[in-house]
Structure formats: C-alpha cells, structure tokens
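S.K.: Line by line, the protein sequences give chains C and U.
Residue numbering for the first sequence is 1 to 244, as defined by this note's numbering.
Residue numbering for the second sequence is 1 to 319, as defined by this note's numbering.
Warning: the hint list may mix true and false statements.
[To be verified] Computed spacing ranges between beta-carbons, pair by pair: (1) U:P37 <-> C:R188: 55 to 65 Å; (2) U:D169 <-> C:R189: 28 to 38 Å; (3) U:A58 <-> C:S197: 40 to 50 Å; (4) C:P190 <-> U:V149: 30 to 40 Å; (5) C:G139 <-> U:A164: 21 to 31 Å; (6) U:E41 <-> C:P177: 26 to 36 Å; (7) U:P151 <-> C:D198: 36 to 46 Å.
[Stated by the list, open to error] 30 Å max Cα-Cα, derived DSS-like pairs, lysine-lysine: (8) C:K181 <-> C:K30; (9) U:K199 <-> U:K268; (10) C:K175 <-> U:K268; (11) C:K175 <-> C:K30; (12) U:K201 <-> U:K268; (13) U:K199 <-> C:K175.
For the record, the hints were derived by calculation from the structure and aren't laboratory data.
Where a beta carbon is used, it is the ideal one built from N, C-alpha and C, also for glycine.
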Amino acid sequence: MNVVVVYEWARDPADALVRADGSVDWRGAKFVPGEDDAAVLAVGRAIGAAGGRDVVGVTVGSGDATWALARGVERAFSVPELPETADDALTAAILAAVVRHVGDVDVVLVGDAVAYPAVAPTLAGALGWPAVLGVADAGVVSDRLTVTRRVDDREEVLSVATPVVLGVSAASAEKQPPGMKEILAARRRPVVELALSDLDVTPIDRLPERSARPPVSSAARLFTGTPESCAAQLIAALRADGVL
Amino acid sequence: MTADWVIATDSRRLPAMVHALRGLGGDGVRVLAVGSPALAEVAAGACADSVTWIATDATTPAEARTPDAVRAVLESEPRAVLAASTPAARVLLGAVATALGAPVVPGVLSVVPEADAVLVESSDLGGRRLRTLVAPVPFAGLFAGPDVVPPVGVRPATVERVAAGTPLDVRVEHSASAVGAGVELATAERIVAVGRGLKSKDDLALVRELAERLDAAIACSMPIADDFRWLPSERYVGRSGQQVAPRLYFAVGISGAPQHLDGVRDAKVVVAVNSDPDAPIFRRADYGVVGDLYEVLPALGAALAGGPSTATREEQADE
Chain C
1 MNVVVVYEWA RDPADALVRA DGSVDWRGAK FVPGEDDAAV LAVGRAIGAA
51 GGRDVVGVTV GSGDATWALA RGVERAFSVP ELPETADDAL TAAILAAVVR
101 HVGDVDVVLV GDAVAYPAVA PTLAGALGWP AVLGVADAGV VSDRLTVTRR
151 VDDREEVLSV ATPVVLGVSA ASAEKQPPGM KEILAARRRP VVELALSDLD
201 VTPIDRLPER SARPPVSSAA RLFTGTPESC AAQLIAALRA DGVL
Chain U
1 MTADWVIATD SRRLPAMVHA LRGLGGDGVR VLAVGSPALA EVAAGACADS
51 VTWIATDATT PAEARTPDAV RAVLESEPRA VLAASTPAAR VLLGAVATAL
101 GAPVVPGVLS VVPEADAVLV ESSDLGGRRL RTLVAPVPFA GLFAGPDVVP
151 PVGVRPATVE RVAAGTPLDV RVEHSASAVG AGVELATAER IVAVGRGLKS
201 KDDLALVREL AERLDAAIAC SMPIADDFRW LPSERYVGRS GQQVAPRLYF
251 AVGISGAPQH LDGVRDAKVV VAVNSDPDAP IFRRADYGVV GDLYEVLPAL
301 GAALAGGPST ATREEQADE
C-alpha cells in the first residue's frame with residue numbers, strides 16, 4: 001500500500017500584492033511549502049515506516065517537486081498546470097485524480113491550510129473516503145490509524161480505519177531541514193509529471209470573479225508619537241470602547 | 001421544495017449563517033445539527049425554519065455521521081449550503097458539496113441571489129481583499145462573517161431527529177483536557193500574548209507586568225512555546241493551539257502568521273504592538289502601536305497605573 005503526502009499545492013497568500021482596485025499581482029511567486037507541509041511529511045514518514053507503506057509525494061502547480069524528495073520521499077508525482085481558481089473543490093478534484101493515478105493508496109495526508117480550508121475535506125469527498133482534520137499526529141496500530149487532534153481545549157485520540165484523508169495542522173516548525181547532500185540526492189530521484197489530460201480532469205472554473213476590492217478598513221488605527229503618548233492614546237481608546 | 005442549509009457541529013456562527021442564507025429569499029433555511037442534544041437546542045433558537053438533528057455520542061464523532069449528513073441534505077434540493085470553518089463541519093460540508101457536485105467557496109461573508117446564480121462575497125488572501133464571485137446553484141461555502149445574536153423571544157424551530165445509519169469507522173478512543181490547571185485562555189476576558197519580538201526569556205517579566213495591570217492571562221505565539229520553550233505549549237494561541245475569544249487581545253511582538261490569527265478570530269478588540277509597520281498583525285488589529293515593545297510596554301504600564309504620562313503633560317502644557 002502507499003501513503004500519499006500532498007505538498008507545495010498553493011501559493012503563500014503573503015506573496016500577493018493587492019492593488020488599490022482589488023486586483024492581485026503575484027509578482028511571479030511560485031508555489032511554496034505550506035506551513036503544515038513539514039508536519040504532513042513527518043506524519044507520512046511515521047505511517048510509512050510503521051505500516052510498511054511506501055511514501056509517495058504529490059504536488060501541483062509551480063513548486064519545487066524535489067522538496068519532499070529531499071526529505072525522505074522516494075518518488076513523486078507533479079501536475080504543473082494547476083488552473084487559477086477560487087474553487088477549493090476543483091483543486092481537490094485534481095488532487096483526487098492524482099491519488100487514483102498513483103493507485104493502491106489507503107492514506108492521504110495534506111496540510112489543513114488556513115488559507116485553503118476546503119481542499120482537505122473536499123479531497124476526501126472526491127475520493128469518497130472519511131476524513132479527520134486538525135490532525136497533530138498519527139500512527140499505526142495493527143491495521144488502523146491512531147490519530148491525535150486538538151478540538152478547542154481538548155485533545156482527542158481517534159481510531160480510524162483506512163482508507164482515510166488526514167488534514168494535518170502543524171504544531172511546530174520544521175526542526176531539521178535537509179542539508180545540501182539530501183537536496184542534491186533528491187534531484188536524482190524520479191518525479192513523474194502529469195498533465196490534466198492524463199488524469200481525465202477538465203478544469204472548469206465554476207466561480208468566476210465579478211469584482212474585487214480591498215476591505216474598507218483593513219488597517220488598525222495606529223497611534224503615533226512618543227511611546228508615552230501612544231500608550232496614553234491607546235489606553236484612552238480602550239477605555240472608551242469599554243474593554244478596560 | 002428547495003431549502004438552503006446550514007451544517008453545524010457546534011454553535012459557532014450558527015445564527016449568522018442562518019441570517020446570511022435568509023438573504024437568498026428561498027423557501028426556507030434549515031439547520032443540520034450533528035452533535036449533542038444541547039447543539040440541537042441551540043440550533044432550534046437560531047431563527048431557522050427547521051432543524052434536522054443527527055445525534056453523536058462520546059465515541060462517535062460528527063465525522064462518522066458523514067453518510068447520514070449527506071443523505072439528509074440531499075433529500076431536499078439545496079441551492080446553498082454553509083458551514084463554519086471548524087474541522088468536523090468542514091468534513092461534512094466537503095462530502096455534501098461533492099455529492100451535490102457543487103463548488104466550494106472559503107471565507108463567505110454574504111450571499112445575494114442573481115437570476116440562476118448566487119453572488120457570493122468572500123474574504124480572500126487573509127482578509128486583504130474582498131471578492132464577489134458568481135456561484136452556480138447549488139454551491140457550498142465556509143462562512144467567515146461575524147456572529148450575530150438571535151433576537152430575544154424567538155420561537156424555537158421544530159427539531160426532527162434523524163435515525164442514524166451505520167457510522168463510518170471513525171471512533172473517539174480518548175478525550176481529555178489539553179489545558180493545564182490555571183490556564184484558562186479559552187474563557188479569559190483579556191489576554192496579553194507575546195511573540196518573537198521578545199529578545200530573551202527574562203524579558204517575559206515585562207509582559208507579565210502588563211498582564212497583571214490589565215488583569216489578563218498570558219499567552220504566546222507558536223515559536224515562543226515550541227522553539228524557545230519560554231512558555232508552556234498550552235499557552236500557545238493558534239490553529240493547532242488554543243482558540244481564544246477574549247474581549248481584549250494584546251499581541252506584543254507577534255507578526256501575525258495565518259495560523260496564529262486563526263486562533264484569535266473570535267477576539268473582540270485586538271491591539272498590536274510591533275516594530276514592523278508592515279506586520280500582518282496590523283491588518284487584523286483594531287488598534288496598533290508601531291514601536292519597540294521595550295519602550296511601549298513600560299509606557300503602557302505607566303498609563304494604566306494612572307501616572308501622568310508624557311501625552312497628558314504635553315496636553316496640559318498646550319493649555
């Protein structure tokens with residue numbers, strides 16, 4: 001069986017420049033590892049090692065496909081031509097098609113990204129599999145997965161049968177990024193590039209954008225002057241708001 | 001008969017989602033409540049026309065009831081389905097959207113009917129732009145608008161309990177509080193949170209002093225707990241940490257990474273103190289001071305103590 005780790009599947013919203021008319025200039029920004037991707041990979045490696053599964057990387061868009069290969073993944077699939085869309089379901093449908101193409105997969109791990117919150121659950125929907133989101137960690141117990149997640153102020157441990165999609169939320173940053181040796185070795189590992197036509201996916205954007213604008217008041221009320229002056233103005237404002 | 005649906009696995013933003021769907025002017029707004037009897041009761045008071053309730057228990061999470069949820073929503077002809085952006089609600093929405101063949105819009109703020117489509121205003125790029133999308137019918141969305149309080153004395157909607165089918169093989173083995181004794185961030189009225197703008201652990205004294213003056217709990221961003229271990233992990237606020245909803249959230253030296261801001265989305269008033277004027281935290285904050293926290297925090301302490309601040313003295317001098 002295979003465990004699929006999905007990585008570098010979106011741009012970082014922080015890379016976008018929003019113009020005064022609401023239009024977006026990505027300034028050539030490429031897809032980058034998401035803030036959860038390192039955690040996704042760590043969980044994937046743990047499940048792979050414990051359960052005798054091969055770990056397969058899947059990436060879409062313009063990112064560097066070797067990112068996961070430098071972190072212990074033996075092979076990867078890439079779909080470079082991801083269409084621009086506001087529809088998380090379309091992104092998920094493409095990812096689901098890649099998972100089917102990989103074949104013999106019973107666990108899919110993807111970052112439970114704040115900026116793209118519907119991709120992980122809709123990927124599960126597209127595969128027809130159960131899903132658990134907000135996952136902090138997962139391991140293998142006999143033929144099932146034990147999944148730890150945070151739900152508000154409680155920690156839950158769930159037992160989950162496969163196949164399953166897990167949306168992973170990082171609780172820490174990557175601790176040991178690969179060195180130059182691993183990065184160079186990754187470039188020799190296989191990356192299979194797939195076209196949307198290979199996947200039998202027709203990308204139709206069902207959510208055309210009619211208009212866009214910056215929020216009316218997107219910025220904080222900033223206090224200026226000396227620290228003492230700023231502090232006095234701020235405290236006065238908070239008292240006027242009734243929160244002090 | 002068509003209906004618009006709210007899928008709820010907890011009470012967050014439930015009345016607001018019902019209110020938003022009223023804007024479509026359809027035949028009715030229904031709530032699918034997947035959870036405890038208490039959730040069904042809250043749903044009944046959320047101004048919906050009816051509530052369909054799928055019960056869960058201590059070992060059966062809402063996600064296990066996905067097939068029941070899909071079946072319940074598809075029995076009508078939904079035009080729009082909204083859910084809050086919580087993990088369980090998103091799982092149910094993802095399955096329903098796929099079954100409907102519907103696109104999914106994150107960050108939904110409002111919906112307006114237009115001919116055979118729906119105009120959906122949504123928040124994009126972390127709230128830096130608002131976009132209006134033309135969504136087909138049916139469509140699904142994750143709601144991100146502010147919550148509303150239902151009017152007093154509203155007549156409760158009828159609650160219909162659905163007989164549950166065979167659940168998916170997902171079960172809760174163990175559930176325990178993840179919060180240590182004395183750490184009550186989830187219910188704190190005021191919080192002072194500190195980030196990587198702090199230069200050393202010893203400097204936490206500055207933060208503690210401000211927190212004491214504000215009668216506030218102390219929290220932090222992920223690196224302070226995870227990388228530096230200056231504060232215990234249960235004080236880390238963010239998507240994978242504590243979700244907080246204080247009346248006042250003081251972010252000191254916190255840049256405002258998306259995963260952190262996700263943990264403070266329900267804070268009422270956010271104050272940011274940061275030396276970087278371009279820090280994302282200022283886009284979420286209501287008030288901000290661009291400055292060195294090592295100068296601003298003592299000044300705040302003095303102002304809170306009621307001593308004559310420089311500003312006051314300057315104003316008096318002007319008079």
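S.K.: All hints, please: hold or fail.
M.R.: We went through each hint and held it up to the structure:
1. At roughly 59 Å, the beta carbons of P37 (chain U) and R188 (chain C) sit within the given window of 55 to 65 Å.
2. The hint said 28 to 38 Å for the Cβ distance between D169 (chain U) and R189 (chain C), and at roughly 35 Å that hint holds.
3. Taken as a hint, the range 40 to 50 Å holds for the pair A58 (chain U) and S197 (chain C), whose Cβ atoms sit roughly 48 Å apart.
4. Checked against the given bound of 30 to 40 Å, the beta carbons of P190 (chain C) and V149 (chain U), roughly 57 Å apart, lie outside it.
5. A hinted range of 21 to 31 Å holds for the C-beta pair G139 (chain C) and A164 (chain U), which are about 29 Å apart.
6. Our hint of 26 to 36 Å for E41 (chain U) and P177 (chain C) is violated, since their Cβ atoms are close to 50 Å apart.
7. The beta-carbon spacing between P151 (chain U) and D198 (chain C), approximately 55 Å, falls outside the hinted interval of 36 to 46 Å.
8. A C-alpha spacing of about 24 Å is found between K181 (chain C) and K30 (chain C), which places the hinted pair at or below 30 Å, so the restraint holds.
9. In summary, the hint linking K199 (chain U) to K268 (chain U) is supported, as the alpha carbons are separated by about 28 Å, within the 30 Å threshold.
10. Between K175 (chain C) and K268 (chain U) the CA atoms are separated by roughly 34 Å; this puts the pair beyond 30 Å, and the hint is violated.
11. Simply put, K175 (chain C) and K30 (chain C) have alpha-carbon atoms about 23 Å apart, close enough for the 30 Å limit, and the pair holds.
12. At roughly 29 Å between alpha-carbon atoms, K201 (chain U) and K268 (chain U) fall within 30 Å of each other, so this suggested pair holds.
13. Taking the CA atoms of K199 (chain U) and K175 (chain C), the gap is near 20 Å; set against the 30 Å cutoff, the hint holds.
Consistency with the previously given hints fails for numbers 4, 6, 7, 10, ordered from lowest to highest.
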